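*Asks:* Residue strings, one per chain:
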Amino acid sequence: MKQISFKLEIFEGPLDLLLHLISKNKVSLYDIPISDITEQYMDYLSEMKHFDIEVSSEFLVVAANLLYIKSKMLLPKYEGEQEEDDPRTELARRLEEYKRFKEAAVYLMEREAAGSHTFYKMREYIEPRLIDESLTDITVKHLVDAMAEIADKLRYRLPIKAKTFKGLVGREIISVFSKVKAVLKSLSNLKKIRFSDIFKGVKSRDEAVASFLAVLELIKMNRVKVVNSDEGVVLKYVKNTKEGALSFGDSQD
Amino acid sequence: MEIRRIESIIEAVLFASGDAVSAEKLSEITQTDINTLRSVVTGLADRYTYEKRGIKIIKVGDKYQMATRGEFSEYVRQIVEPRRRNPLSKATLEVLAIIAYKQPVTRVMIEKIRGVNCDNSVTRLLELGLIEETGKLDAPGRPSLFCTTDEFLRSFAIDSISELPPITEFIIEEPVQAMEEAVE
Amino acid sequence: MEIRRIESIIEAVLFASGDAVSAEKLSEITQTDINTLRSVVTGLADRYTYEKRGIKIIKVGDKYQMATRGEFSEYVRQIVEPRRRNPLSKATLEVLAIIAYKQPVTRVMIEKIRGVNCDNSVTRLLELGLIEETGKLDAPGRPSLFCTTDEFLRSFAIDSISELPPITEFIIEEPVQAMEEAVE
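Protein sequence lines correspond, in order, to chains A, B and C. If you count the first sequence from 1, position 3 lands on 3 in the working numbering, and the numbers rise without skipping. If you count the second sequence from 1, position 63 lands on 63 in the working numbering, and the numbers rise without skipping. If you count the third sequence from 1, position 98 lands on 98 in the working numbering, and the numbers rise without skipping.
Okay, chain A solo, but in the shape it has when bound:
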C-alpha cells in the first residue's frame, strides 16, 4: 500500500469539517451521501486521535447526529406510510447557513484591507465648559457638617489665650469697652468711686462681669489705683500719662 503522508488539516469546528468533506466529494449540500460522508468524518476523528489532537465534544455531537441520520435513512419505508421529511434537511440547512457566514468572513477580510488605508487622529484636548450644579443637592446637614469641621480645626489651633474669659460675657464684647469708658468718665469727674458703686444699676450678670472686667482693664492700664479706705474699696483716678485719646488696644501690650 502506498504510504500517504499528509498534514492533518485543522478545522474551525465540525461544520467546517463537514463542508470540507462535502466539497472534496463534489456533492450537493442538499443530497449528502450520508454513509460516505459519515465514514470520512469518523476517519478524520480517528486521525485526530492518532495525531494526539483532542477531539472536542462538539465534533462528537455532530458525529452522533450523522450516525442518527444514517440509521434513519437505512430504515425501510413502508408503503402507505406518510412521506417523512428527509432526515438530512436540517443538517443541510445548518451547513448552508454556516457556509454563508464563511463567505461573509472572506468579504470582511477584503473590506479590512480597504479600511487599513484610512487614518484617524486623536481627539484634541478640549477645555470643558463649567456648569454649576443646582444648589438643591445641598442640605442643611452640609452646613452643620461644615460647622463641625470648623470646630475641629479650631481645637487644634494655638492654646487658649488668657483673655478667653471674655467669652463669659457672651457676644457683648462692646459692653466691656463701653464700661471702661463709663467708669473712666465718672472717675474723671469724681476723681474717686467706691468699687461697689460701679455695680449700681447693673441689670444682668453679664453686665456685672463686664463692669468688673472694665475695672481690671483700667488697673492694668494704670488709669486706676485701688485703695482700701473707710468707705471700703475705692478706685482712684490716675491722670493719663500719655496724651491723646483713650486707647483700649494699646493696653494689650
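A hint or two may mislead.
Straight-line Cα separation of at most 25 Å, SDA-like style, residue types lysine to any residue; simulated pairs [claimed, not checked]:
| hint | chain 1 | residue 1 | chain 2 | residue 2 |
| --- | --- | --- | --- | --- |
| 1 | B | Lys90 | A | Ala113 |
| 2 | B | Lys52 | C | Thr49 |
| 3 | C | Lys52 | B | Gly18 |
| 4 | B | Lys59 | B | Ile161 |
| 5 | A | Lys203 | A | Leu216 |
| 6 | B | Lys59 | A | Ser116 |
| 7 | A | Lys24 | B | Ser89 |
Calculated directly from the structure, the hints in this document are not laboratory data. Treat the numbers as computed from the prediction; the structure is a model and nothing was measured.
With chain A held as given, fit chains B and C onto it using these hints.
*Replies:* For chains B and C alone, coordinates are given in the frame of chain A:
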C-alpha cells in the same frame, strides 16, 4: 447661519473631535435642522473628494468622522505608527460576520451557527473594540447581547450595517461548478 | 510632483499626526526640496485662512501643525461634556456656615474663625445670592456685615435662620471666642 460658516464649524468640530460625531450633535452645535445639516456635510465631503484633498469625511452609521484619504496612506504611514495588529483569524472573522449580520446576538446563538465554542474570538473582538456588549437577553441566565461598534465600521470601511451585502447574496457553490473546477 | 498633490499629502500627514511635523520631515515624505515645501505649506495655510476654514495650519518653530481656528472654539467645546462644578466648594460652604450661624459678620470675623482668607468664598456666595451685605460694622474701616438671604433659605429649604439645627456648645463657644478676638 451661512452655509459656508456651518461648513467651517463642522470642519473645526470634526477635526478637534478626532472621533465620529453624530449628525444630531452637529445639528445642535450649528443650530441647523438635521436635514440641512446632513446635506451640508455631504456637500463638504463631496468637495473634499472632488478636490482630492488629503482628508475626507466618512459616514460611520449616523455619525461623521474626518479621516485621511486612503490614496495617501503610504505617506501617512511614514509618520504615524501604523495600528498594525495581527490579522484576525478565520474563526474570529466568522464570529464577527455572524455578529455583524445577526446583531444583537448571544454567544449561544453564534455557537449554534458555527457548531463550536466562540469564547476566544468574542474576547478578542471585545479587546479590539470591534464589538461591544449592548445588553442582556431577557432569558434564563441573562446572556450578554453583542453588537458591532463604530470601530468595526471604520476598520472595515463600511458606512453602516445596512450597507453590508445581504447575506443571501453570498452564493452557495453548486456541486456542478465545483466539479468543473476539479477537472481543470 | 504636482503642487496640488503635495498639498494633499501635507494635509493628510498633518491631520493624521495630530502633532507638529518638521518642515524637514514633510520635505522628505513629499520628496520636495525644503524651500518649495515651505512655500507650499504657506500657500495652503493662507488659503485656509482666506477661506475662513474650520482648520488652520500654524507654524511652531520650524514645524507645522494643523489646528482648529480659534474663532470656532465655542462650537468645538460643545462636543465635550461640560464639567459639572459643585457650586459650593468645601471652603465656601464653611464660610456660608459661619455666616449662617453668626450673622451679621465681617470678613475679618470669618477669617479669624477659619484662619484663612475668605475673599473668594465671600465673592462666590454674593454671586450666588446666598449672602448679602446688610450694613457696616461701627468699627475702624467700617467693614461690611454679611447676612444670609432669602435665596439661602430657599436653597436650603428652611423657613428661617432659627430653624437651623443648634450646634453643640463646644462648636458655638470656640467660634464666638475667636470672633470676639476678631472684633478687637
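*Asks:* Which of the stated hints cannot be reconciled with the structure, identified by number in ascending sequence?
*Replies:* none
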